[in-house]
Amino acid sequence: ETGVTQTPRHLVMGMTNKKSLKCEQHLGHNAMYWYKQSAKKPLELMFVYNFKEQTENNSVPSRFSPECPNSSHLFLHLHTLQPEDSALYLCASSHGDRNQETQYFGPGTRLLVL
Amino acid sequence: AQSVTQPDIHITVSEGASLELRCNYSYGATPYLFWYVQSPGQGLQLLLKYFSGDTLVQGIKGFEAEFKRSQSSFNLRKPSVHWSDAAEYFCAVVLGNSGNTPLVFGKGTRLSVIA
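If you read the protein sequences in the order shown, they are chains A and B.
687 is the number of the first residue of the first sequence in the numbering used here; add one for each residue after it.
235 is the number of the first residue of the second sequence in the numbering used here; add one for each residue after it.
Check before you lean on any hint, since a few could be wrong.
[As the list claims (entries may be wrong)] Here are the simulated DSBU-like pairs of lysine-lysine, each with C-alpha atoms no more than 30 Å apart in a straight line: (1) A:738 with A:722; (2) B:341 with B:295; (3) A:722 with B:295; (4) A:708 with B:283; (5) B:302 with A:704; (6) A:722 with A:705.
[What the hints assert, rightly or not] With the C-beta cut set under 7 Å, the calculated list includes, among others, these residues of chain A facing chain B: (7) 728; (8) 729; (9) 731; (10) 732; (11) 750; (12) 785; (13) 786; (14) 788; (15) 793; (16) 794.
If you're looking for bench data, these hints aren't it; they were derived computationally from the structure.
Each residue gets a CB set at the ideal place from its N, CA and C atoms; glycine is no exception.
Full structure from sequences and hints, please.
Listed below in structure tokens is the structure:
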């Protein structure tokens, strides 16, 4: 298995709620990623962390706030989301953040914003 | 701009039949190429990857892919499909250098397998 876990697996929230998605990797990797997967669209990279430092922010709205307290854990804090933010949010990890590193994905959190 | 195209949104094949999923990319430089599979309710699992060397690469679950530079393609193949292969398949590309440019995914091809 991938060794990357995500909780919760499903989340329904209102536009005024605040919630957090959690990702944990058990692979000893140093880089972690958040992706958004919407229907009929390619996976969109949101954030990249390498050794707990953010190295990529792909023009993501501020209502999404990532946090990486250590190399094994990654959070995505959500507040005042919009219905169009409903999607599958995937976490991934890799040994490093270089191009040739294989990314290992978690099962995702299915988010519905009402 | 760099892009990855998977021309087929949905493919249906009979169990035991051969399979080919197409992937084309537009990059100016030599890319690193990946194929991932996503089963329902699951994350993406790496099937195979190409960095350099032999242009025919073998992956898990009996899959293989061939890199053709002249056609900018990296098509995924399997000689005999099993019902458990029904899933969504994603081609992904990244610039083949020592940097850390992001992985670019295609929109995916959904594979259905019928008896």
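Hint check results:
{"no.": "1", "hint": "A:738 with A:722", "result": "holds, 20 Å"}
{"no.": "2", "hint": "B:341 with B:295", "result": "holds, 22 Å"}
{"no.": "3", "hint": "A:722 with B:295", "result": "holds, 27 Å"}
{"no.": "4", "hint": "A:708 with B:283", "result": "holds, 28 Å"}
{"no.": "5", "hint": "B:302 with A:704", "result": "violated, 48 Å"}
{"no.": "6", "hint": "A:722 with A:705", "result": "holds, 16 Å"}
{"no.": "7", "hint": "728", "result": "holds, 5 Å"}
{"no.": "8", "hint": "729", "result": "holds, 4 Å"}
{"no.": "9", "hint": "731", "result": "holds, 5 Å"}
{"no.": "10", "hint": "732", "result": "violated, 10 Å"}
{"no.": "11", "hint": "750", "result": "violated, 17 Å"}
{"no.": "12", "hint": "785", "result": "holds, 5 Å"}
{"no.": "13", "hint": "786", "result": "holds, 6 Å"}
{"no.": "14", "hint": "788", "result": "holds, 6 Å"}
{"no.": "15", "hint": "793", "result": "holds, 5 Å"}
{"no.": "16", "hint": "794", "result": "holds, 6 Å"}
Taken one by one, the earlier hints fail for this structure at numbers 5, 10, 11, listed in ascending order.
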